[in-house]
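Engineer: Use these hints to put chain A onto chain Z, whose structure you have.
Just so you know, the sequences run in chain order Z and A.
For what it's worth, the working numbering labels the leading residue of the first sequence as 61, then goes sequentially.
For what it's worth, the working numbering labels the leading residue of the second sequence as 61, then goes sequentially.
Do not rely on the hints blindly, as some may be mistaken.
Below, simulated EDC-like cross-link-like pairs (lysine to aspartate or glutamate); rule was C-alpha separation at most 20 Å, straight line [stated by the list, open to error]: (1) Z:447 to Z:100; (2) Z:295 to A:110; (3) Z:295 to A:107; (4) A:96 to Z:110; (5) A:295 to Z:107; (6) A:383 to A:144; (7) A:295 to A:110; (8) A:219 to A:107; (9) A:96 to Z:457; (10) A:295 to Z:110; (11) Z:254 to Z:207; (12) Z:96 to A:271; (13) Z:295 to Z:306; (14) A:163 to A:178; (15) A:97 to Z:228; (16) A:447 to Z:451; (17) A:117 to Z:271; (18) Z:447 to A:451; (19) Z:117 to A:206; (20) Z:295 to A:500; (21) A:219 to A:240; (22) A:447 to Z:457; (23) A:295 to Z:500; (24) Z:97 to A:228; (25) A:97 to A:495; (26) Z:215 to Z:271; (27) Z:215 to Z:307; (28) Z:447 to A:457; (29) Z:96 to A:228; (30) A:338 to A:413.
Hints are computed from structural coordinates only; laboratory data are not their basis.
These numbers come from a predicted model, not from an experiment.
What follows is the residue order along each chain.
Protein chains: 2
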Amino acid sequence: MLNRNNLRCLLAAAATTVLTLPAMAQNYAQDSATIKKIYDNALTSYESYENLRYLTKNIGARLSGSPQAAAAVEWSRQLMEKMDLDTVYLQEVMVPHWVRGDKEIGRVINSKLVGSADMNILALGGSVGTGGQGLSAEVVEVKSFEELEKLGKKKVKGKIVFFNRPFDNRHLHTGSAYGEAVDQRGGGPIAAAKLGAVAVLVRSMTNDIQDVPHTGSTRYEDGVEKIPAAAISTKHAEQLSRLLKDDPSLKFYMRMTSQTLPDVLSYNVIGEIRGSEKLDEIILVGGHLDSWDVGEGAHDDGTGCMQSIEVLRVFNELGIKPKRTIRAVLFMNEENGLRGGRKYAEVAKAKGEKHVAAIESDAGGFTPRGFGLDGSKEQLQAVLAWKPLLEPYGLHDIAPGYGGADIGPLKGQGSVALIGFKPDSQRYFDYHHTEIDTFEQVNRREMQLGAASMASLAYLISEYGLSGGTAKVQK
Amino acid sequence: MLNRNNLRCLLAAAATTVLTLPAMAQNYAQDSATIKKIYDNALTSYESYENLRYLTKNIGARLSGSPQAAAAVEWSRQLMEKMDLDTVYLQEVMVPHWVRGDKEIGRVINSKLVGSADMNILALGGSVGTGGQGLSAEVVEVKSFEELEKLGKKKVKGKIVFFNRPFDNRHLHTGSAYGEAVDQRGGGPIAAAKLGAVAVLVRSMTNDIQDVPHTGSTRYEDGVEKIPAAAISTKHAEQLSRLLKDDPSLKFYMRMTSQTLPDVLSYNVIGEIRGSEKLDEIILVGGHLDSWDVGEGAHDDGTGCMQSIEVLRVFNELGIKPKRTIRAVLFMNEENGLRGGRKYAEVAKAKGEKHVAAIESDAGGFTPRGFGLDGSKEQLQAVLAWKPLLEPYGLHDIAPGYGGADIGPLKGQGSVALIGFKPDSQRYFDYHHTEIDTFEQVNRREMQLGAASMASLAYLISEYGLSGGTAKVQK
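Just chain Z, same shape as in the assembly (with noise of 0.2 Å):
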């Protein structure tokens, strides 16, 4: 199917600003045989997957400053201890330490139309409990911020406000209805705090109608009071809408005794295959070990962080040597505070360490649909120049794109490229921050394509780097 002439064809079809071809390649037909050992590797293989049962069945949920994000801490470097890496080590960071508390209650009290009637809701990360005794309120809906600026002290004083702007279901990519929407879970408290609210309902990040509530970070500002922030369950969020509707004056009893202890020293878990030509110039593959403190935490991030050492025992098992250091990175603590993902870059920095390329895998594991890349064009036009090479593997969608939030301290450290792994994204935000991401919602063929499809960047980073040039298209 693919001659030169076609092959040429479609580079320019990728990249239509580009006058030189870009780096292909220089060995086709080796390149081609090697990563379809990757992906036969990675298919045949139960290991990984085996390794994602572990944690998340035997760890389970770890929140940074737990003690089972201790646990997931000391069971991954073991697991890469016993891998026959280069390296093996610990990096330390301090980390924030929120705890949820009981169990969250919510209810709707004194409402006209049904009496009282619990509503799931879930602590959002970071927030201040409610005291023991809870609190109640009246409450009132706003689908923005817009619409609470409008609304003005006098009527958000004293009542929870409940942000219900829902995912907009016409975007394709479900990332880009979470980006429109997660404001409100961001931004919510500060905003309604600063009206005199006294707590925040925020209508769950999901693009289905479900019973989980699905929790996530929130934010507070120096000067600005703290106020109780909860997710409330989609199929509540529209029940409590409609209740709203016809008795404005129900009210709302929310209890939350969730608070933040002091900051615990964790880390982030590195393993490495040194290369064999430039072990200077390194590739990052990396997820998050981190998750909520709900469900198991499987799709985010337990898959990228199992797929990030699956690329170094696939290298290792096919006696592949790259010829740069290929790095595994598992993250602490991206759920809540990032901190990981800044100690990681201070201290690459202060080493002076070149990092080539940093993939990340944070959007579940999922079937794997291509690479977004934040970077310069001709690191877009090297990546689209091995299309011909990828794409037979489903990886059709390599284009300018967002890398990933661990990576994106290393932004303009010398000219890494951030690549984000992009998984078909219509189930994640069906079990994302909720109870529900648990083991039995990943299959391992579709974690151990994402293994592979980054295995198989990372092999031809590491034979060619991403520095472009205009090496002849040989196939």
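Structural biologist: This is chain A only, laid out in the frame that chain Z set:
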């Protein structure tokens, strides 16, 4: 991103043998806008998903000849009657009526290693029973028909033949692995009986290592003894294989009371929107209404049926008046006889109906990847010419391929193109033909994207036909 140059380029790359440009959507902007509306509508609607819930939860499994199959026929007829279509009708077809009987018993007995051990088995569709007493015999394991032939009558006579060739997990598309392994299920009983075997066990057709056995059709041959045949779960297939290595003289007890009853009158369910310009040119969208008798027939093929009806709903709701006729066909008896597909083609031929294309969805309600086309080069070129309109929705994989079982009998009638809708294949054989093929395994968005993909392709075919030509690419 797209301009005329790289559009040409994509076209040329996609169909290297074409000298003239194939028929392209004459009005790119308008078609693009219509397709966007189709996706927007499908992604924001819950109707089809709720219909699937009814079909799977209130009617459930619906094997041909069962009361549930009759209920599914009547329910889906009424569903389409309510839709303001131009016509809704039933097409009579006599179908086989096989019943499973009591829950199967499968058990390793007198094993030196484990004594006795229950094994999850499930009668293959069409299988005879064992008689109420069951049967027990030694087991001979084979991986292929060649291996079986080599064993010969002497080593097979009086035994249970255990076909245990696993899926080759290296295949990216799970359907390829299924295609390579399923000869064991279909042809096992005949081959084993010819050598004097008393029964057959077949490793379940799945990529996964699971507890649940997968049923599916098997065959008999006139003049060859009909022996009982059951699927065994992959987990127990592995266990049985291990036991046999150390203890080849263990026996296996199986009891199945399945039987075939007289044929039953059933129906294909058909609804259509007549074409505004070429009403005699039919574009079929279809799935099969019957399912196996375990689980709920959700992915196989409740989703395909609901997607086909959804195509009509979306057309109606958006006020799209197709130039050619769009006909949804819910075929009966795909699973164990294909009588519905054969009858449909027979009637179409007798009536002199002209099918331009038949699009079948019978590979699960997963995220769309593309279409496989069984037709002429010109027809393939015509569809490839629409890639710029379809790729933004993840429909990259448009290539020659398999249409589908139900539409297969239409082949050769006029110049009909048989088109198989291709969703992502990774999870399909986790559920296929099992008790876990349930509504809960279906993601609304993934299913709706499939419906939108089918509707978009049906729309383009209804606008432009598939006859190729040299229309200019305009954008």
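Engineer: Would you mind marking each hint as holding or not holding in the structure?
Structural biologist: Status of each hint after checking the structure:
no.	hint	result
1	Z:447 to Z:100	holds (19 Å)
2	Z:295 to A:110	holds (15 Å)
3	Z:295 to A:107	holds (17 Å)
4	A:96 to Z:110	violated (41 Å)
5	A:295 to Z:107	holds (17 Å)
6	A:383 to A:144	holds (18 Å)
7	A:295 to A:110	violated (34 Å)
8	A:219 to A:107	violated (52 Å)
9	A:96 to Z:457	holds (19 Å)
10	A:295 to Z:110	holds (15 Å)
11	Z:254 to Z:207	holds (14 Å)
12	Z:96 to A:271	violated (30 Å)
13	Z:295 to Z:306	holds (18 Å)
14	A:163 to A:178	holds (13 Å)
15	A:97 to Z:228	holds (14 Å)
16	A:447 to Z:451	holds (15 Å)
17	A:117 to Z:271	holds (19 Å)
18	Z:447 to A:451	holds (15 Å)
19	Z:117 to A:206	violated (43 Å)
20	Z:295 to A:500	holds (17 Å)
21	A:219 to A:240	violated (25 Å)
22	A:447 to Z:457	holds (14 Å)
23	A:295 to Z:500	holds (17 Å)
24	Z:97 to A:228	holds (14 Å)
25	A:97 to A:495	violated (36 Å)
26	Z:215 to Z:271	violated (30 Å)
27	Z:215 to Z:307	holds (16 Å)
28	Z:447 to A:457	holds (14 Å)
29	Z:96 to A:228	holds (14 Å)
30	A:338 to A:413	holds (12 Å)
When held up to the earlier numbered hints, the structure conflicts with 4, 7, 8, 12, 19, 21, 25 and 26 and fits the remainder.
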